[in-house]
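Number of protein chains: 2
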Amino acid sequence: MRAASSAFEALSVRPPHERATLLERCADGLLELGDALIERACLETGLPGARLAAERDRTVAQLRMFAALVRDGSYVEASIDHGDPKRQPTPKPDVRRMLKPLGPVVVFGASNFPLAFSTLGGDSASALAAGCPVVVKGHPAHPGTGELVTDVVVRAAHSLELPAGTFSYLHAGGSREVHVGIELLRHPSTRAAGFTGSLAAGTALARIAAERPEPIPFFAEMGSVNPVFVLPAVLRDRAAAIADALFQSFTNSVGQMCTSPGLVFVPKGEGADRLAAALTQLVRAASSAPMLTPKIRASFTDGVLRLKNVPGVFRLAEVDGEGMNAGPALLATTYEALSREPAIAEEVFGPVLVLVECSHLDELFASAKLVHGSLAAALWMSDDDGPAAHALLARLEKIAGRVIVNGMPTGVEVCASMVHGGPFPATNRPEASAVGASALRRWCRPVAWQNVPDKLLPLELQEANPRKIARVVDGAAVVAPR
Amino acid sequence: MRAASSAFEALSVRPPHERATLLERCADGLLELGDALIERACLETGLPGARLAAERDRTVAQLRMFAALVRDGSYVEASIDHGDPKRQPTPKPDVRRMLKPLGPVVVFGASNFPLAFSTLGGDSASALAAGCPVVVKGHPAHPGTGELVTDVVVRAAHSLELPAGTFSYLHAGGSREVHVGIELLRHPSTRAAGFTGSLAAGTALARIAAERPEPIPFFAEMGSVNPVFVLPAVLRDRAAAIADALFQSFTNSVGQMCTSPGLVFVPKGEGADRLAAALTQLVRAASSAPMLTPKIRASFTDGVLRLKNVPGVFRLAEVDGEGMNAGPALLATTYEALSREPAIAEEVFGPVLVLVECSHLDELFASAKLVHGSLAAALWMSDDDGPAAHALLARLEKIAGRVIVNGMPTGVEVCASMVHGGPFPATNRPEASAVGASALRRWCRPVAWQNVPDKLLPLELQEANPRKIARVVDGAAVVAPR
Chain A
1 MRAASSAFEA LSVRPPHERA TLLERCADGL LELGDALIER ACLETGLPGA
51 RLAAERDRTV AQLRMFAALV RDGSYVEASI DHGDPKRQPT PKPDVRRMLK
101 PLGPVVVFGA SNFPLAFSTL GGDSASALAA GCPVVVKGHP AHPGTGELVT
151 DVVVRAAHSL ELPAGTFSYL HAGGSREVHV GIELLRHPST RAAGFTGSLA
201 AGTALARIAA ERPEPIPFFA EMGSVNPVFV LPAVLRDRAA AIADALFQSF
251 TNSVGQMCTS PGLVFVPKGE GADRLAAALT QLVRAASSAP MLTPKIRASF
301 TDGVLRLKNV PGVFRLAEVD GEGMNAGPAL LATTYEALSR EPAIAEEVFG
351 PVLVLVECSH LDELFASAKL VHGSLAAALW MSDDDGPAAH ALLARLEKIA
401 GRVIVNGMPT GVEVCASMVH GGPFPATNRP EASAVGASAL RRWCRPVAWQ
451 NVPDKLLPLE LQEANPRKIA RVVDGAAVVA PR
Chain B
1 MRAASSAFEA LSVRPPHERA TLLERCADGL LELGDALIER ACLETGLPGA
51 RLAAERDRTV AQLRMFAALV RDGSYVEASI DHGDPKRQPT PKPDVRRMLK
101 PLGPVVVFGA SNFPLAFSTL GGDSASALAA GCPVVVKGHP AHPGTGELVT
151 DVVVRAAHSL ELPAGTFSYL HAGGSREVHV GIELLRHPST RAAGFTGSLA
201 AGTALARIAA ERPEPIPFFA EMGSVNPVFV LPAVLRDRAA AIADALFQSF
251 TNSVGQMCTS PGLVFVPKGE GADRLAAALT QLVRAASSAP MLTPKIRASF
301 TDGVLRLKNV PGVFRLAEVD GEGMNAGPAL LATTYEALSR EPAIAEEVFG
351 PVLVLVECSH LDELFASAKL VHGSLAAALW MSDDDGPAAH ALLARLEKIA
401 GRVIVNGMPT GVEVCASMVH GGPFPATNRP EASAVGASAL RRWCRPVAWQ
451 NVPDKLLPLE LQEANPRKIA RVVDGAAVVA PR
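Quick mapping for you: the protein sequence lines, in order, are chains A and B. Letter 293 of the first sequence, counting from 1, is numbered 293 in this note's numbering, and no numbers are missing. Letter 345 of the second sequence, counting from 1, is numbered 345 in this note's numbering, and no numbers are missing.
Simulated from the structure, these hints should not be mistaken for laboratory data. Any given hint could be a false lead.
Where chains are identical, the list cannot tell them apart; a pair therefore holds if satisfied intra-copy or between any two copies.
[Unchecked claim] Derived lysine to any residue pairs resembling SDA-like cross-links, with alpha carbons at most 25 Å apart:
| hint | residue 1 | residue 2 |
| --- | --- | --- |
| 1 | LYS295 | ARG87 |
| 2 | LYS468 | SER74 |
| 3 | LYS268 | ARG238 |
| 4 | LYS100 | SER74 |
| 5 | LYS268 | ASP237 |
| 6 | LYS100 | LYS398 |
Go ahead and model the full structure; you've got the sequences and the hints to work with.
Structure representation (structure tokens):
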């Protein structure tokens, strides 16, 4: 952390394009690792090679996106309010504003995305892009992958003669794990932290960040049930297609996606019966696959057992798995049972889906209030579902960071308009997104310069606008608060 | 809080221009109160009428600025990423993003700005602008002012047939104060809170917000010493003018401004002696004036005594005040003493200024590291101070939300580029600003709509762009994360 702190001082006076080059060289370096990286990640996570290759490509695309943002520079939201010495009753000062990096960032990577949300995933890439040195608490579920990736970053930083503290990786396995994480979070040089993981760990770390002598921003992405709501008309017409899409989504990567759906709400009736039958058939025909860690594997068994033991919850289909392997589980319950037993709405990490039957549309609407804050919520509808769709969408936008129509929560596009965040417990910071361009903003704070001589201003705010990114706002009230 | 929660549902489906009209009617209503409001505020705060009239005008301007922002609409940062069904290997979904209000907001107003940062100050105005109902924990130091202002808001809301829970005001005096505040903060319907006040209260409330079963965003503006740094050349040429400006700034409103300077760093020598002599003369000629509350008055005496008792701190001049009255105090110390006794750098709320002599420029630079995070930091320089100014400014931007050259920290322009915030302990949320257009963003979170049919999208995101505020970004990586 001390090395990161001194690197922050050094990075502050270096031109932004060096950070862009760093990210680009990291992207190239990850690709150059080729099969060695994918094979190592397969061995450590049990995830299939095709999935990990796609994740690697996504990680590379993220790095390049953040590099492009840094080169463009407009993410700093530079704005210029010219002064007006003649204004009455007091002169208006010249005020200019832009975002500046917070300082050293600690990243707690995720087990389920060993590349895209771990060592050099979205948190690290966006923090480096912002100009913050990064210290990674290495995830013990993929230490070899972490080392391979770290080697890429360290070589890229070295090739640009960036200070050694620009990026650090700490192994944190076994009994060291909690200790290493807490010490990093409590260190006085740490200015912010990002976390992806369980609700219990995220909540505990958030409190540590808040209770420091000097509290720091802590961005946690945690548990999310990502509910799916199916309206009557579409259920009547497309029950089989919806069953297929649901099955693919909740069993994707053995259900170990942060956007995996855990609850599906359907109106009782013939359509719901067909959906349940189709899903049951798909689950029965499914095979088991290895989960990420023994702990996740054990928690999944416990979680499914907990759900099955709730009065009013029934098992429709379940595939057992041996050892590290887990198979999908399909359960069913009713709105009435869910409203009595809120525990049904708590996330179980892994391939389990609970089908919730609602007696009528009002129950479907009301069920949106029984679901905790989620990263994403999906609505299935056809044109005939019009008014009900409108009413339900208005509720879903209040409980999720992203609302999808006729699609599944899994699959997060990396683009400027993406929101990968949401109300608690999906995250502890509903104003933030961990994916997309705005992820960068988490590691920044605004600074204003008042009546500062032009040559002493940051380049981004100088009168000649050499980077062509500053907006002249001149005291207009009507201006997007960029 | 329950009324606010149900008002939030109702407000969500009403057009934004109604909120703008609400704020404009509030602005008109405050002006219509005329002298009655100013007189009541004078009686309750001891602040002079001219100061309060200026504060009223600022409050009115703030309300109109937020109304204009709501009418314009671009603050929601609407962006559209069109889908691309032909993209390989997977189709690109249509993703659209905008900010939505968080829900009921609790406002803890400030004693020192009974209009601009209290009942209907910046926090309440920006939260209402965002579409969040507001519940004010009334400040016991100006209950009558609070009632007059509340009456204006309630009548304006009523004239627009907005729900009663849109705005509420709770008296919270005496032994009720802590209880009322904590209950509001803990209420499950509360979605966010804003606070302006002491470090002790802000820190305690921030922990309560973080330890709720469902943590909520809590924005606290707290203690700030707002240091002033004077470089050698300007001190040689302008010692008397700097003394005048410092005296005006640190005694403004009996030193009860959040941006009041508490520390001034000067290079030892003849210039520093002249500055000290001029300041001493000004302080000795000053009179005392009433402080805001008996508690603030008592804390000021205690704080000055605490400073005077620190080894290496000396009294240059002090004006005593009787009863509620306080006079300014001017103390002196050295960099060496400050580096040994960090307590010297802790804020004392009221008219006290500590002159810190540095033996050489390196001490002046190093002193910036001994100062806590501040709302503002000022640098005095002339052209001959060039290189030193550059080096010092680079340090000041790391410890303050706003950096001023050849001016004083007091006086916060309400404009788009303003930052009224800063690192801890100035605030607990360095990414936020309590003044200016971006204050609105504190009460919002982003939501993304994926593949949602056009007619079911919010107006701001529909393809025809009827509000003319959405930016089409179409997956470009290079886009400001608005």
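Now for the hints, and whether the structure bears them out:
Neither within a single protomer nor between protomers do LYS295 and ARG87 lie at most 25 Å apart by alpha-carbon distance, with minima of 66 Å and 38 Å respectively. Taking the shortest alpha-carbon separations for LYS468 and SER74, both the intra-copy value of 9 Å and the inter-copy value of 21 Å come in at or below 25 Å. Taking identical chains as interchangeable, the C-alpha atoms of LYS268 and ARG238 lie at most 25 Å apart only when both belong to the same chain, with a minimum of 15 Å there against 82 Å between chains. Taking CA atoms no more than 25 Å apart as the test, LYS100 paired with SER74 passes in both settings, with 12 Å inside one copy and 23 Å between copies.
With identical chains, the CA atoms of LYS268 and ASP237 are at most 25 Å apart within one copy only, with a shortest distance of 15 Å there and 84 Å across copies. Taking identical chains as interchangeable, the C-alpha atoms of LYS100 and LYS398 lie at most 25 Å apart only when they sit on different chains, with a minimum of 9 Å there against 31 Å within one chain.
Figure legend: structure checked against the earlier numbered hints; the only hint not met is number 1.
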